[in-house]
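Chain order of the listed sequences is A and B. 61 is the number of the first residue of the first sequence in the working numbering; add one for each residue after it. 61 is the number of the first residue of the second sequence in the working numbering; add one for each residue after it.
Just so you know, the hints here were simulated from the structure itself, not pulled from any lab data. The model shown is predicted, which means the values in this text are computed figures rather than measured ones. Hints are not guaranteed to be accurate.
Put simply, identical chains are the same to the list, so a pair is met inside one copy or across any two.
What the hints assert, rightly or not - Below, a list of computed lysine to any residue pairs in the SDA-like style, where the Cα atoms sit at most 25 Å apart:
1) Lys71 - Pro136
2) Lys268 - Val473
3) Lys73 - Asp145
4) Lys409 - Ala234
5) Lys268 - His434
6) Lys373 - Ile183
7) Lys235 - His69
8) Lys88 - Glu129
9) Lys268 - Gly388
10) Lys276 - Lys301
11) Lys162 - Pro136
12) Lys162 - Val346
13) Lys162 - Ala261
14) Lys274 - Met63
15) Lys432 - Leu266
16) Lys162 - Ser68
If you want the building blocks of each chain, they are given just below.
Protein chains: 2
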Amino acid sequence: MTMSMAASHAKGKFATDNIFDANAAAVKAAVQFGKDKVTNATIGALLDDNEVLVCLPTVEKVLRNLPVEELINYAPIAGLPDYLDAVIDLAVDIHRPEAYIKAIATSGGSGVIHHTIWNYTEIGDTVLTTDWFWGPYRVLCQDALRKLDTFTMFDEQQHFNMVSFQEKVTALLAKQDSLVIILNSPAHNPTGYSLSDAEWAQVLNLCKEIAQDKSKKIILDVDIAYLDFAGEKAASRSFMKQFGGLPENILVILGYSMSKSFTAYGQRVGAMIGVSSSKDVIDEFVNINQYSSRATWSNINRGAMRMLATIYKDKSLLAQVDAERNRGYQMIQERAGIFTREAKAANLKMLPFFGGYFLTIPVNNPAAVCDKLHEDNIFAVPLAQGIRIAVCAVTSRKITGMAAAVAKAKAAVD
Amino acid sequence: MTMSMAASHAKGKFATDNIFDANAAAVKAAVQFGKDKVTNATIGALLDDNEVLVCLPTVEKVLRNLPVEELINYAPIAGLPDYLDAVIDLAVDIHRPEAYIKAIATSGGSGVIHHTIWNYTEIGDTVLTTDWFWGPYRVLCQDALRKLDTFTMFDEQQHFNMVSFQEKVTALLAKQDSLVIILNSPAHNPTGYSLSDAEWAQVLNLCKEIAQDKSKKIILDVDIAYLDFAGEKAASRSFMKQFGGLPENILVILGYSMSKSFTAYGQRVGAMIGVSSSKDVIDEFVNINQYSSRATWSNINRGAMRMLATIYKDKSLLAQVDAERNRGYQMIQERAGIFTREAKAANLKMLPFFGGYFLTIPVNNPAAVCDKLHEDNIFAVPLAQGIRIAVCAVTSRKITGMAAAVAKAKAAVD
Numbered sequence: 061m062t063m064s065m066a067a068s069h070a071k072g073k074f075a076t077d078n079i080f081d082a083n084a085a086a087v088k089a090a091v092q093f094g095k096d097k098v099t100n101a102t103i104g105a106l107l108d109d110n111e112v113l114v115c116l117p118t119v120e121k122v123l124r125n126l127p128v129e130e131l132i133n134y135a136p137i138a139g140l141p142d143y144l145d146a147v148i149d150l151a152v153d154i155h156r157p158e159a160y161i162k163a164i165a166t167s168g169g170s171g172v173i174h175h176t177i178w179n180y181t182e183i184g185d186t187v188l189t190t191d192w193f194w195g196p197y198r199v200l201c202q203d204a205l206r207k208l209d210t211f212t213m214f215d216e217q218q219h220f221n222m223v224s225f226q227e228k229v230t231a232l233l234a235k236q237d238s239l240v241i242i243l244n245s246p247a248h249n250p251t252g253y254s255l256s257d258a259e260w261a262q263v264l265n266l267c268k269e270i271a272q273d274k275s276k277k278i279i280l281d282v283d284i285a286y287l288d289f290a291g292e293k294a295a296s297r298s299f300m301k302q303f304g305g306l307p308e309n310i311l312v313i314l315g316y317s318m319s320k321s322f323t324a325y326g327q328r329v330g331a332m333i334g335v336s337s338s339k340d341v342i343d344e345f346v347n348i349n350q351y352s353s354r355a356t357w358s359n360i361n362r363g364a365m366r367m368l369a370t371i372y373k374d375k376s377l378l379a380q381v382d383a384e385r386n387r388g389y390q391m392i393q394e395r396a397g398i399f400t401r402e403a404k405a406a407n408l409k410m411l412p413f414f415g416g417y418f419l420t421i422p423v424n425n426p427a428a429v430c431d432k433l434h435e436d437n438i439f440a441v442p443l444a445q446g447i448r449i450a451v452c453a454v455t456s457r458k459i460t461g462m463a464a465a466v467a468k469a470k471a472a473v474d
Numbered sequence: 061m062t063m064s065m066a067a068s069h070a071k072g073k074f075a076t077d078n079i080f081d082a083n084a085a086a087v088k089a090a091v092q093f094g095k096d097k098v099t100n101a102t103i104g105a106l107l108d109d110n111e112v113l114v115c116l117p118t119v120e121k122v123l124r125n126l127p128v129e130e131l132i133n134y135a136p137i138a139g140l141p142d143y144l145d146a147v148i149d150l151a152v153d154i155h156r157p158e159a160y161i162k163a164i165a166t167s168g169g170s171g172v173i174h175h176t177i178w179n180y181t182e183i184g185d186t187v188l189t190t191d192w193f194w195g196p197y198r199v200l201c202q203d204a205l206r207k208l209d210t211f212t213m214f215d216e217q218q219h220f221n222m223v224s225f226q227e228k229v230t231a232l233l234a235k236q237d238s239l240v241i242i243l244n245s246p247a248h249n250p251t252g253y254s255l256s257d258a259e260w261a262q263v264l265n266l267c268k269e270i271a272q273d274k275s276k277k278i279i280l281d282v283d284i285a286y287l288d289f290a291g292e293k294a295a296s297r298s299f300m301k302q303f304g305g306l307p308e309n310i311l312v313i314l315g316y317s318m319s320k321s322f323t324a325y326g327q328r329v330g331a332m333i334g335v336s337s338s339k340d341v342i343d344e345f346v347n348i349n350q351y352s353s354r355a356t357w358s359n360i361n362r363g364a365m366r367m368l369a370t371i372y373k374d375k376s377l378l379a380q381v382d383a384e385r386n387r388g389y390q391m392i393q394e395r396a397g398i399f400t401r402e403a404k405a406a407n408l409k410m411l412p413f414f415g416g417y418f419l420t421i422p423v424n425n426p427a428a429v430c431d432k433l434h435e436d437n438i439f440a441v442p443l444a445q446g447i448r449i450a451v452c453a454v455t456s457r458k459i460t461g462m463a464a465a466v467a468k469a470k471a472a473v474d
């Protein structure tokens with residue numbers, strides 16, 4: 061028997077990392093065969109057409125030129141006030157819902173989910189998300205001693221599956237009084253799907269119906285990590301207007317992240333934005349999440365918050381950032397367009413892609429398909445029911461022909 | 061009744077912040093009476109003799125000149141490998157204990173305590189620390205649904221109170237099988253006390269005695285946030301040698317922070333360094349804490365880790381940083397020296413100060429003494445049993461006469 065010092069609930073925890081493993085295989089192949097010969101579609105960061113990590117030039121300039129005290133001083137626990145004002149406005153833009161809205165700085169988008177689970181579910185509760193989901197959602201639930209359950213994301217027409225959503229929400233709220241639902245939209249990771257405004261209306265109508273029972277509470281955790289790679293600014297945010305005027309027992313939490321929006325992944329800055337019709341609920345939101353911040357990471361990287369606030373306050377800097385980011389968005393859309401056209405030609409079924417960093421091919425045997433692709437020096441991430449292609453990271457040149465290769469590998473092993 | 065959406069354990073959480081409140085009062089007074097007239101002894105950061113926040117010049121230079129991909133890219137969940145190697149060596153220096161030693165990056169020193177509590181105590185357990193302690197220790201315990209208990213830190217000779225320590229450790233380990241003990245040394249916040257090597261030997265002897273019962277587990281969480289402001293490099297680390305060859309059921313976790321050592325407070329980077337005689341325990345330490353990192357903040361600010369690793373690998377940069385930091389240390393020692401001499405002259409009892417950012421005056425009515433000091437435009441932080449003076453932040457000019465003012469205020473209200 062191995063010696064252990066861990067608490068009973070912590071024994072045996074071990075993170076396996078599909079994405080890391082797949083990337084490591086790609087890096088190894090690049091060393092062996094040359095970088096030119098290898099397609100690494102595992103990386104969740106924007107690379108340019110020379111396969112160099114993109115930092116929006118204005119972001120770099122502002123970050124490097126911050127006064128030193130902004131780089132090194134502590135920030136308030138809740139975050140810099142002008143950062144918090146800025147992220148609310150950047151998140152909702154012209155579609156600000158009629159509601160009380162407050163924000164708390166977090167360690168990226170992950171930190172939002174951490175606090176939401178910790179403060180809005182009981183230990184042992186089940187959290188709900190889509191069956192296609194970013195793997196760490198499960199780790200976040202399990203480490204906090206919660207469970208994760210899923211509903212079927214797509215119906216047969218590849219639209220949002222309201223039937224499955226309704227079944228699972230209803231079943232879980234029969235067992236527990238409170239339910240956290242994580243919906244990653246727009247530009248969902250790993251599929252690239254965005255719920256339409258009509259689909260959001262259906263989601264909210266169901267929530268409102270259930271919320272007529274005042275003993276039930278619904279917390280909609282909307283992960284908007286890919287919001288700024290989801291299309292035109294106002295159009296991709298129009299669904300947010302619907303978060304106004306909801307019943308008091310529905311709390312919306314937007315999970316904002318600087319990682320993609322400002323290509324500032326490693327700076328670890330995001331924010332949870334609470335949206336509620338109840339002032340009490342929003343005051344509580346600020347108090348309890350600020351408390352958990354003090355008890356988790358203390359405060360958040362001041363420099364990156366100041367960088368965002370500086371850009372936000374200067375209309376010309378903000379316009380530059382938007383333009384620079386838009387070039388990245390267009391680059392990804394072009395790559396995804398190539399893949400989509402070629403997938404159609406190769407009769408390869410894709411999940412519906414609208415935007416974001418990834419697209420997904422459903423396959424029966426993801427690990428075997430990924431292994432088979434290694435023969436062509438193509439590296440993708442195996443998911444539970446498909447393979448994930450990081451269109452953010454694969455150049456147009458290299459993505460050309462990739463759909464055919466996937467179709468071939470799928471036919472060979474699936 | 062106010063509307064609440066929080067989980068049962070999260071309802072009503074509200075952080076009061078003595079330090080923030082005291083600082084806000086000082087800032088207000090500075091606006092009203094002029095900065096020159098106000099002594100702000102509340103700030104936990106190193107200010108120079110012009111009351112400007114100190115950033116070690118080499119730290120700034122290296123940080124500003126990092127390649128952009130090091131500033132913005134994600135880091136591995138556990139931290140950059142060369143950062144982790146560096147912090148272990150920087151922490152233990154020539155006094156490396158004979159043991160398995162591994163590190164995991166954290167969000168500053170707070171993150172170390174978060175993970176230690178979460179992974180090494182059961183829900184409902186009691187954590188032990190000194191009766192003089194950094195307030196957030198209690199918030200960290202409470203948010204994680206643990207309790208904090210304290211022992212009397214000093215005996216009548218103002219030495220470490222082994223009797224009280226033994227009583228509390230014994231009593232708690234009669235009730236629970238596992239005990240996390242947080243000891244902040246050297247250069248304890250808020251007193252400036254450092255346990256001597258002989259006192260550490262006594263602490264460890266008691267732990268070893270209790271650990272003869274193999275059903276009991278002791279986790280010594282040694283908060284070394286002020287290690288680099290505690291005196292000569294090797295001498296201030298000599299106690300660490302004693303962490304070698306301990307029984308397998310004693311795990312030492314060193315809480316390393318870049319906040320003070322590299323004047324990088326707002327960058328939010330630290331590390332938990334596990335020290336154990338058991339390879340199993342250290343493998344488990346890496347696995348479970350890495351898992352919790354993924355489930356809390358995901359990964360840690362890459363740029364600051366790269367900055368430390370860059371400095372560490374270049375002997376001349378490291379020597380510069382040590383020299384620059386030493387000037388800060390000498391500045392604080394000079395300020396503390398003035399206060400100590402004047403306190404003696406004014407017959408004002410101080411707790412024993414060896415180093416760090418703070419010193420403490422025990423008083424019966426801390427809030428009233430602090431209020432009284434406001435009449436002299438002096439602002440300090442009221443603790444449960446005394447007042448904390450941030451010698452890191454008060455210039456020699458302003459600290460002159462301060463002990464007499466405290467003595468006067470104490471005499472007036474105590």
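Here is what the structure says about each hint:
no., hint, verdict
1, Lys71 - Pro136, "between (35 Å within a copy, 22 Å between copies)"
2, Lys268 - Val473, "neither (45 Å within a copy, 58 Å between copies)"
3, Lys73 - Asp145, "between (38 Å within a copy, 23 Å between copies)"
4, Lys409 - Ala234, "neither (36 Å within a copy, 62 Å between copies)"
5, Lys268 - His434, "neither (48 Å within a copy, 53 Å between copies)"
6, Lys373 - Ile183, "neither (41 Å within a copy, 45 Å between copies)"
7, Lys235 - His69, "both (23 Å within a copy, 19 Å between copies)"
8, Lys88 - Glu129, "between (41 Å within a copy, 20 Å between copies)"
9, Lys268 - Gly388, "neither (38 Å within a copy, 59 Å between copies)"
10, Lys276 - Lys301, "within (23 Å within a copy, 56 Å between copies)"
11, Lys162 - Pro136, "within (15 Å within a copy, 31 Å between copies)"
12, Lys162 - Val346, "within (7 Å within a copy, 36 Å between copies)"
13, Lys162 - Ala261, "within (23 Å within a copy, 51 Å between copies)"
14, Lys274 - Met63, "between (49 Å within a copy, 11 Å between copies)"
15, Lys432 - Leu266, "neither (43 Å within a copy, 59 Å between copies)"
16, Lys162 - Ser68, "between (37 Å within a copy, 22 Å between copies)"
In summary, the structure is inconsistent with hints 2, 4, 5, 6, 9, 15 from the numbered list given earlier, while agreeing with the others.
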